[in-house]
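Asks: Read off the chains here:
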Amino acid sequence: MADDPLPLLPHEEPLPPRIDLWIAAACLVFSVAVLVLSWQMPTYTEQGGQLYTAPGLVPSFYAVTIGLLGVWLAVRSIRAGALAPAGAPSEQRETGNSNQRFALAAGLGVLFVLGLIGRMPFWLAATIFVTLFVAVFDWRPGVAAKTRARQLATALLIGLGTGVLVSVVFERIFLVRLP
Amino acid sequence: MLGSLEEFGGALAHLLSGWGVLNVFWATLLGIIIGALPGLTATMGVALMTTLTFTMPHEQAILVLVCIYVGAIYGGSRSAILLNIPGTPASACSTLDGFPLARQGLAGRAMGISTSGSWLGTLFGILCVAALTPVLSEVALKFQSFEFFWIALFGIVICGTLAGGDPLKGYLAGFLGLFVATIGQEPYYNYQRFAFGSTDFAGGIGLLPALVGAFGIAEVLQSMRGPAVEPVSSRVESVIPRLEDVFRYWRTILRSGAIGTFIGILPGLGEDTAAWSSYAAARRASKEKEKYGKGSIEGLMAAETGESACVPGAIIPVLTLAVPGSAPAAVLMAAMLIHNLNPGPNLMLQTPEFFYQIVAMLLIADMSKLFYGLTLVRPLLWILLVPRERLMPIVFVLCVVGSYAITSRVFDIYVMLFFGFLGFILRELKFPMAPLILGLVLGDLLEKNMTRGLVLSGGSILPFFTRPVSAVLAAITIFSISWSIPGFHRWVVGLFRRRSASGAAT
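Line by line, the protein sequences are chains U and W.
Residue numbers for the first sequence follow the working numbering, beginning at 1 and rising by one.
Residue numbers for the second sequence follow the working numbering, beginning at 1001 and rising by one.
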């Protein structure tokens, strides 16, 4: 028991080989694209510059390395059975993760950055974003009207508090410009 | 010796004058809160505060960041003990014994062990910073481009190998980071690489917006995707550390301090590797192995001492080589560059007073951490109870402010958002983040030294392999990569066994 291996962290658990094969393919495409773009860069040798300082040299080195690592990943994933016919889906461990919550958070974040910032004063944009975020994630169906009103008021309070406090603290105390 | 002590005293007095004391108290408290809240990490905290403090005088800004760093690494243990969720990845190891102790009704004692271990670990690391930095700086002054090229590459490779998870994906993440660092104007002809006519891309990808995105936004998204967490109990007895625990495990404390500091010195590995390595070493040497994983005081002490000793350890290569020892140290190094502090081998020559200031900052942060460790219990429990739905949008707003603050470019907010999604996807695909960050930070160092080395040698790559230090670094780098190839270590072990068997036969 004492010499059992230490438990794996979430990022240490391996992925199915087929996903690794897709990652390898993406690495190879990326590598070729960077190599082509680097090859098209000027070398400045006609102006007396040395070839070793050519702008495309270092990115090419990285691209070749990424490509080789991609090949290594591809070979490893194929050996692990990436090309074998897909069997029955393996039993998924219950993680409690929710893609719906992720999509909602990501969507609200994008709305804040692309839709609100720059179109109104920052304090107002932050207030709207935080209020929406809290209200949406606190939303539960079938809640009494009084509770719902209290939840919305709390969301508004947190939103307004954040918007005003962030603006005052960073603009006045830290002397930071806000977007 | 006396002169050094005088310089150190002067640095302490200088840092604590004026607003210094106030800055120490709020920054350490903020660091502990950031560390304690699952989903917020030390790297994110330091990255965010770098952008928000850049108008401060440089010594006060770095003091704030050091306090955030030290506080956040310590704060992570609170949620590890009470929630079984590490507040920062560094505290993952503390959950193994911290949470079982809390379930046995010993949450207060576990926090006391965490406080004493963390305080002593950082203290051990500070002594190493004071003793090793001047020596290593002198050695580093003899390095040329060939050696610096290998140090940068070695950093990426060793970080990819040992950062946890798949080493191959670690290397890929590192080289992706190096590639991102090439976007924008290159150093010799100001040619705009991968800019596609955009003036924003020509300016390059801002390191801090990318870091705030890869850590802040990615962590917000991950936290919102994951399940909600509940504390094991809201009642905690005394958190005053017991001297008996410290004296009984003094060997573990010294061993973990040394391991933690050493891991810190190695490029990019950071506090989580330090905690796991210290824990594993303590378990191997322990007389009470059976208690590990079930609430071992020694195990918790080892993990906490190791991770906290790593913090000063990770700053040693920043000061001597301009190579960060951990992800938060990478951000700290970026902050030093922003404040024109020029970390690296010349720091001890050009601004020796800053070296004393860094030692003083670490000591101040450690003492302040001890103060909060002994007093801050109930308020931290309330903070842990704040629902993430209310906390994460505020963090998102701060990330936006932070990424915009330095250059006031809206483009930097887009960079932050892009790296937020990229960081999230890469984590889901099991890529470690530390090599990516190290690649971003070391890109400039690697490129300049690689090209300079080639120019000096007239295009020959021989000096990269034949100069003594280069040869050693090259050998370690190539061996580290080979070690990750399946079957290579079996082949090496088999080779040694065959040799020893044939030696025994003759």
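Rather than coming from a laboratory, the hints here were simulated on the basis of the structure.
Do not take every clue at face value.
[Said to hold, decoys possible] Partial list, derived from the structure: chain W residues whose beta carbon lies under 8 Å from chain U:
{"no.": "1", "residue": "1143"}
{"no.": "2", "residue": "1172"}
{"no.": "3", "residue": "1450"}
[Unchecked claim] One side only, chain W facing chain U, incomplete, derived with CB under 7 Å:
{"no.": "4", "residue": "1175"}
{"no.": "5", "residue": "1189"}
{"no.": "6", "residue": "1193"}
{"no.": "7", "residue": "1195"}
{"no.": "8", "residue": "1242"}
{"no.": "9", "residue": "1404"}
{"no.": "10", "residue": "1459"}
Just so you know, even glycine gets a beta-carbon here, dropped at the ideal spot from N, CA and C.
Asks: None of the hints should be skipped; say for each whether it holds.
Replies: Going through the hints against the structure:
{"no.": "1", "hint": "1143", "in the structure": "violated, 20 Å"}
{"no.": "2", "hint": "1172", "in the structure": "holds, 5 Å"}
{"no.": "3", "hint": "1450", "in the structure": "holds, 6 Å"}
{"no.": "4", "hint": "1175", "in the structure": "holds, 5 Å"}
{"no.": "5", "hint": "1189", "in the structure": "holds, 5 Å"}
{"no.": "6", "hint": "1193", "in the structure": "holds, 6 Å"}
{"no.": "7", "hint": "1195", "in the structure": "violated, 11 Å"}
{"no.": "8", "hint": "1242", "in the structure": "violated, 25 Å"}
{"no.": "9", "hint": "1404", "in the structure": "holds, 5 Å"}
{"no.": "10", "hint": "1459", "in the structure": "holds, 6 Å"}
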